[in-house]
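Undergrad: Listed below are the residues making up each chain.
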Amino acid sequence: MLHDYAPILILFLLVAGFAVVALLLSDLLGRKRHSLEKGKAYESGMDPVGGARLRLSIHFYLVAVLFILFDVELIFLVPWAVSAAALGSVGFWMIAVFLIVLVVGLIYEWRVGGLEWDR
Amino acid sequence: MTEIVIWVVKVVVVWGALLTTAAIMSLAERKVSAWMQYRYGPNRVGPFGVLQPVADGIKFIMKEELVPAGANRLLFRIAPALSAAPAMLAVAVIPFGYTAVIAGHEITLSVADLDIGILYILALGGLGVYGVILGGWASNSKYSLLGGLRASAQMISYELTLMLSIMAVVLMAGSLDLRQIIEGQRAFLDWNIFYQPLAFVLFTIAMFAETNRHPFDFAECEPELVGGFHTEYSSMRFALFFLGEYCAMTVMAALNTTLFWGGPSVPFWPDAPWYVGVVAFIVKTSFFLFLFIWVRWTLPRLRFDQLMRLGWQALLPLALANVMVTGAVIALTAN
Amino acid sequence: MGSLKEVAPVTSGSDPSSKSGFLATSADWLINWSRKNSLWPMPLGLSCCGIELMALLGPKFDLARFGAEAARFTPRQCDLMLVAGTLTWKMAQAARTIYDQMPDPKWVIAMGVCSSTGGMYDSYAVVQGVDSILPVDVYVPGCPPRPDAVIDAIIKLQKKIARDKPVRRLLAKSAGPEIDEGTGRLDHQPNAAVLHALADRHPHDPRAQQPIADRVPRPTPGDAAWFVGNPAVGGIAEAPARVTEALAGLDARPLPSNDGTPLFGVARERLREAFERLRRAGFDQSTFVTAVDHLHVGLPPVEPRFEVLWQFRSYHRDPGHRDASQARGDSVRLACRVRSDDAWVPTCCDLWPGANFSEREVFDMFGVRFDGHPDLRRLLMPDDYGHHPLRKDFPQQGIEPDRLYRQWDRERRARWLSGEAERLAAAGDGADQQQPDAQQPAGRRVFEYAPGAATDPREVAASLGGDDPLHGELMKLNMGPQHPATHGVLRLVMTLDGETMVDADPVVGYLHRGKEKTCETLGWHKFFPHTDRLDYVQSLGNNVGYALALEKLAGIEAPPRAQVIRVLICELSRIMAHLIYISAASIDLGAVTVFFLMFKERERLYDIMDAYTGHRMNNTYVRIGGVYADIDDRVTAAAHEFLDTFPALLAEVDKLLTRNRIWVDRNRDVGVLTAEQAIALSLTGPSLRGSGVEHDLRRAQPYSGYEQYDFDVPVGSVGDAYDRYLVRMEEMRQSVRICKQALDKLEHVKGDVLLEDHRFVLPPKGRVHESMEELIYQFKIVTDLRLPRGQAYHAVEAAKGELGFYVVSDGSSRPVRCHIRAPGLMNVQALPHISRGRLLSDMVALIGSMDFVMGEVDR
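Chains as they are written, first to last, in our numbering: chain A, 1 to 119; chain B, 1001 to 1335; chain C, 2001 to 2859.
One or more of the hints may lead you astray.
Stated by the list, open to error - Facing chain A, according to a computed beta carbon distance under 8 Å, are these residues of chain C, among others: (1) 2074; (2) 2171; (3) 2250; (4) 2478; (5) 2480; (6) 2483; (7) 2498.
Derived from the structure by calculation, the hints contain no laboratory data. We put the beta carbon where it would ideally sit given N, CA and C, even for glycine.
Sequences are here, hints too, so could you generate the full structure?
TA: Here's what the structure looks like:
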């Protein structure tokens, strides 16, 4: 079983090595001349007005929560998808009920405007 | 021992091919766009400018490394690697051919044959967004922050569509193993595209969104956010983001080929030798890579709310319906 | 890295033939090769040169061949800063900051004479060569340079890079001198020698720079409070009944104007009532607000010194007034004189929101305050500038023009020396520290047209749920002055709630080059080249507008053939301008290929212009009393060919954009302006017609014989960005129609293209070379052109809208005033009104759809 993953381990080592080398290479080779302006965050050539660490609109979290909801439910779909033929109609109807609940939730979310980005 | 050698060779060849493809893509992007726009594109270094990616690469290595003041240094530094690594790892399970017999060794043409190959790819695909979000947040720049936020909202929204459209194919094959999925499509008429055209369309759209490609390139979105999440990145770290994007595109194109277009299957030539299969795989994948470029230089960009609306209100319900119908047909006709 | 360390002693040694020396040389070669072939540019497109920079990326010149087309707008990823255009002192800080933010190694090309030396802009606002603030590697002359010249500069730069020894520097970097060996320049000290030279040129004593008094003593108005125009030309224009009724009882004194617009002098105490009555009488648009300083340096002071002028237009057609003077009846001008020690007038921007920016401009330039103005800040100059440039006692070259920049630079260096950079960098891992929020000026209120709507950003935020804890903090974001979507150097200070725009405050003036002041210094004739560089994408159209204003003042008219040529070049210019609009709007919304299609077509127009005038843009080919030279068959043939094939391109654009679902979705219902709002915001041209107002100066007040041409005036129905796009597309088709008619007319309208009038009109160049008298006339007119005493306003329908020139002459060779009524400024002014509550992405579409060129906005 783990035998299957051995090549992936080799690939992982290769990729990790590459990433480390790539990240360090220009650190080592690139010229370094720091200055106050160079370190300043870019904002179209002006001094930044206020910081970039802000409390964000709830919208972003809403999308994330919705995603987690659907993602978890999709994970339940996977075992059924693999064995749909074997589970037959009983399996299908069970997953159908499950999906319908999910869809009802989506429709509700849609109706209350949770899917509208620009309010 | 031989086994280890074969592993290493496969890993090096596949990974090398992936990096080469990414480099070629960075040039192809410029050349193809030039041809579409009555221009030549880079043509001063090497024949037809083929050495342009090399010149760009060396320049990036020799460029100054910058960490903006107020940035979270650790996250800022590792974000590019976090963005590039998942795409490079995901390529491991893509079967680029059937079985080759070389010097008496029977070699399956993929780095690793996992029975849960699809889960592996989805897991890594989910990780890919971290590099973008963390890079955008760690920069302490507003453009970067907005780019990172957009990327996160967009990628998680379209991941659902992506998973559901793959699920339809899994239903067809009854397996999460990509090799089984291509084995099921050996004959031309068994290609999933003929049975799952809707899933293919959904997958292709989600593929653009997942790789942050035009017309869904909101994470960078030059006219609005200047550079988006990579606004503050210079030198090799920026190049790594670039590389990661092209690697992700290549993996997605290969996955599209594998899921819907029979992978290495050659139409009307079921007994094709293994190397013809590999060529067929490359040709099909190249088409989707070309599609990425073609779309980028043709269409305008959507607006962010339009993207979210498309994802949640059009693609997701369609994908759910598609899975239901496919499941119904398979489950109810099984007995 | 290890192998590089090994070569260290040898590279500093003297044996180049050894193996290590060879290695270092090879590494040098490789690094230089990669750098010179991968020069990613930071296009600092400031003004006219920016357009040629775009052409350089376009199909004909294709900078991509050198691997240098990957323009990045974030300085972090660039190698080459292309300073294209005029750098003003207001912009200098931004330019220097961006240069500083580029990672090493970096190079700079100064494209055009403006960035190389200040060029023709020897004024108080312009940096006399970017090398006074940052090190330059290659200078490119030309105004603007042809793209080939920039390619030449890039090849020169490549050669320079090839001479570098990067390995040696790499090994020496631990020593860390702040000197860049490759260019031998000091990095953290902006060229001290040049700054010193500048200080010499702009001595602190303003008297040293005062203009020399004119040889002809001007008549001093004394207490005859009004500037009296020339009764011989025009005289007192008859005012329509509704104007006289509105102004009845206000002691409004009719004054002569030379352009047929009724002009009334009103005392300050009565102004407010005059505004209100005119507004009620149907004058719904403020055309311009400006002022004239009647001081004359060298003569006794004049009081009241400032004359403030307003012009209003009515789009309400008075049913009882449909006569031949309909056009005249549309406009009325008011004047009011105020003393310099009591320089204020009441505001009118609550009645005409479009006057907001104009009033700020008058305040900025003359120091006349507007009582009741909601947000009276400087418009063009920096907030703490301290002078009023258009006052007559302010010198053309300014008083310490670089003061603010040098102050900023000193502080910057002091902070650097105090080790703040290290502290900031070290504080980085704290990550959550916040920079103090720069407060908005106290009492600032955003002016909103829609009555009853929330005006305060906080109120808008609250109406959007901003104070709701579920919503995020408001984010302040600078968009511009260096930003890919702001078409040059517009700056928008945006307040965002997530991605929703709560407020957008346009800050203009980053390309303020002091044109109006320059006109007063140079004289009427020598100002022509400056008009090209207003809306530099339609140079000849601007020439025509200026020439017509001067001709109106002089009371002459160009000969018929010249008028046909003017119509032809105006319309070709309009096509050029709209092509830039389409390309900019499409690149903003991501349809990059359309940009290249447009430039391919634009190159053909450049070729026609080149064949006719000898230059691609900024042609300066119109003169008082005609055009410089006749058009020949070669040009007309090329124009015919272009006009025959151009509609095919438009059809292609229709396919790519007009019927493209994404394009339609991005533009439809975005930035909707009703006809009433568009008029109130002083919009003109396609932006106004997009809102359904059928008003085109070519129809309403025909000039150059436009009444003889057959064309349609397209109007929109909704007033959104898509309508404005459609209007411009259709205008190009109509322009093709007009051009074809003009070409037909050229077949049979023969004759001179310059008037025979030795008072005002240059003799044809051929005769100048042959005859002494003509040479003298030429000399007299170029150096000492005297227009009759008087004032005139003439507006043409430019691509962006009503481009007007308000010229005042006292009969001497020195212009008293030349005010340029820029349609683009009004388009910029409308941005906050149409963007509030929309998404950040919409701003990009809106900037595209309002279509402005900063050269004209800032002047």
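Undergrad: Please go over all the hints and tell whether each is borne out by the structure.
TA: Hints and how they fare:
| no. | hint | verdict |
| --- | --- | --- |
| 1 | 2074 | holds, 6 Å |
| 2 | 2171 | violated, 11 Å |
| 3 | 2250 | violated, 46 Å |
| 4 | 2478 | holds, 4 Å |
| 5 | 2480 | holds, 5 Å |
| 6 | 2483 | holds, 5 Å |
| 7 | 2498 | holds, 3 Å |
This entry does not satisfy hints 2 and 3, going by the numbered hints stated previously.
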